[in-house]
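A.B. asks: The listed protein sequences correspond, in order, to chains W and B. Heads up, the first sequence is in the UniProt record's numbering, so the first residue is 1 and it goes up one at a time. Heads up, the second sequence is in the UniProt record's numbering, so the first residue is 1 and it goes up one at a time.
Errors might be hidden in some of the hints.
Stated by the list, open to error - One side of the interface only, derived from the structure: several residues of chain W facing chain B at Cβ under 8 Å: (1) Gly-45; (2) Arg-126; (3) Gln-130; (4) Val-152; (5) Gln-153; (6) Asn-242; (7) Leu-286.
FYI, nobody ran anything at the bench for these hints, they're computed from the structure. Bear in mind that the values here come from a model prediction, so they are computed numbers and not experimental data. Beta carbons are placed, not taken as given, at the ideal position from N, Cα and C, and that holds for glycine.
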Amino acid sequence: MQLTARAQRCLVIAGFLIAPLTLLAVFSLWPAVQLVWFSLTDWDGMSADKSFVGLDNYRTILFEDTGLLRPLLNSLYYFAGSMLQLALATYFAVILNRGMPGSAAFRLILFMPFVLNSVAVSIVFRDFLQIEGGLDALMTIVGLGAWTREWVQDPDIAPWSLVFASVWRYLGFQLLITYGALQAVPQDQYEAARIEGASEWQQFRFITFPAILPILGLQMILATVGSLEVFDVPFLITGGANGTKTFVMATLEEAFEFRRVGMAAAMAVILLAGVLVAVAIQRLVLPKEEAR
Amino acid sequence: MRIIGTLAASTAMILAGQGTLAQPSEKVEGKITFYTHFTQFEQDGSWNAWAADFAEKYPGAEVEIIGVSNYRKEMPTRIASGDYGDVLNVLDNLPPSDYAEFYAPLTDMSLAETHSFVDRYRVDGEVYGYIYGQNAEAVVYNKAAFEKAGIESVPTTKTELFAACEKLKDAGIVPFQINMGAGWPMQQWDKAALLFANDGGYYDDMVSEAAPYAADRPYGMSVAFVSDLFDAGCTERDYTANNWDQSKVLLGTGEAAMWFLANWSVPQTVTAAEALGVENVAEDLGMFPLPIDDSGDPAVLLNPDWALGVSANSDNPVTAKAWIEFLLTETDISNAAGFIPGDPRIAPTMPQLEELMAGEPRMIEAGTPSAEFKQAMADARLDFMTGTYIRDLVLAEDAEAALAEINRRWADATGN
């Protein structure tokens, strides 16, 4: 059978599209639809019958039992941490981009934590931050023994310890993205600036910063979404003790401890909505790529 | 006649009954699937040995054993899928009124006459599960650690217990591990409430109470007891990390002295410490009842461990039942796991249990928490038998306010 060139092209396009679209539909879209459906029921996660309760779950979370939303406040710690992380990542990226000796090794060291499995990282930090753990030992060796604290037991310090662990882990990822953007900035601009006598700071302020601004915007979005969805680090290090419970942990607890999958699904939908709103706001406020 | 009777029993059994028309069901044969939480018996080869013995007794029968390490979390998902094998544990977070939906009745087994805690799994006249064994909830202690700290006799009052803790602290030993970081060990204080109430059926009385966490009520007293231990510095210093595996080693080697858990924790402690090359760990371990007050008449709480049930969707309930009966009456699984065997004809072999029973303490049999009680707990967001809320109460900066908040949630949930 002969096919026209047009038919062949359609066939090829369809053939290439069918795999990703099927995967997307089966593993992303369909579960999302189911999630919304569950959130409108009182399903307990096991029994065969679920009854439709309309928006009751949402009303409970948003108006009646607002304690369920309290863990969202903990995201603020991570948001603060992620801003610090962004600043650090940009700082290191700029330095590494100048091509000093050993920069490849530094890049590797900074990026390594992100490649590590997050459970492994959390367990390492759990032991590192324990009483008489790695951090305390290190501080004693360098003569700071008097400054050791109960890093994950003291309620005032615990959130920051967890934020520190998460900054350490994700710094390399942000660094790599920013570094990639920096590599695309033409070197002749710097040369011209240097000939004109621009200082390092002026070069950064007027050449580097505008060039990577769109990427920084993207990073802000990732950081916000990330801080709303923190889970593995606090779950494995403290298990939510001392008020370090995050919203995702509360959702899991609702679904699997209290057997209210319907309610948990509603919480997940609310989180999804929150993320979308955060992204929308940032897209409106921050400069767009096309504006360049 | 028997088949017709079975057909009438439930919809689930109709399916099983049809299966039996195709292949004669009276005989124990064919393959069944068994989901177990005892993964340690997978590693040491016991499961293979027991399955081989079973196949020898009933030629043609075969058991496929699947170990599930996080049973409470993984099995509900499997059950929701409808495919959960033939034999499995009766999930303890399932209200008894739902048993018939997921499990086949096992009332016609001879175990119904002999086994302990049968009534706990009886709903509307049908029995749905038989327990592996019973657990005696009491203090497990390390005799060598007590000796090193100069403690001559086991404490029988709360005052003596706290005095012993001080001596242990002075000797550089962690007195009383509560394993708060691991989470689940805090469920002990859910159980201890029955000791404070001196009534195995207290959970159900609690449903009609307005403020069960008040300081003078059993639950309030139980939480206060563990808070006292914590505040007095008797517990391990690092309380956020899950150090369960490490804490077994500490107790086994005598670097920690006590915990309040049941007899099942003894064999695990022995294994953990002997893996490090410590010898004769079992001889160092003993048990005594938890002294909850100064009356000097402490009691031991008896709790059933996991029960075995047959899936309502099982194609081969006859073989499934034969496997349960074989496992519980003809193997030493209950003693191997460190239980008081569920079959009263098998004597407990653990010396620690013998020591505990030697003082003839009062025994309180824990009753079934009713569906109503469990619902009230869930509605009040108190994770009964998981312990997170007890941890949060112990850690609360303002304990009174935290208790008042819990009481309020309870009152809201029950309408009292």
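A.B. asks: Taking the hints in turn, state whether each one holds.
C.D. replies: These are the hints, each one checked on the structure:
no. : hint    : verdict
1   : Gly-45  : holds (6 Å)
2   : Arg-126 : holds (5 Å)
3   : Gln-130 : holds (5 Å)
4   : Val-152 : holds (5 Å)
5   : Gln-153 : holds (6 Å)
6   : Asn-242 : holds (6 Å)
7   : Leu-286 : violated (38 Å)
Hint compliance for this structure: hint 7 alone is broken.
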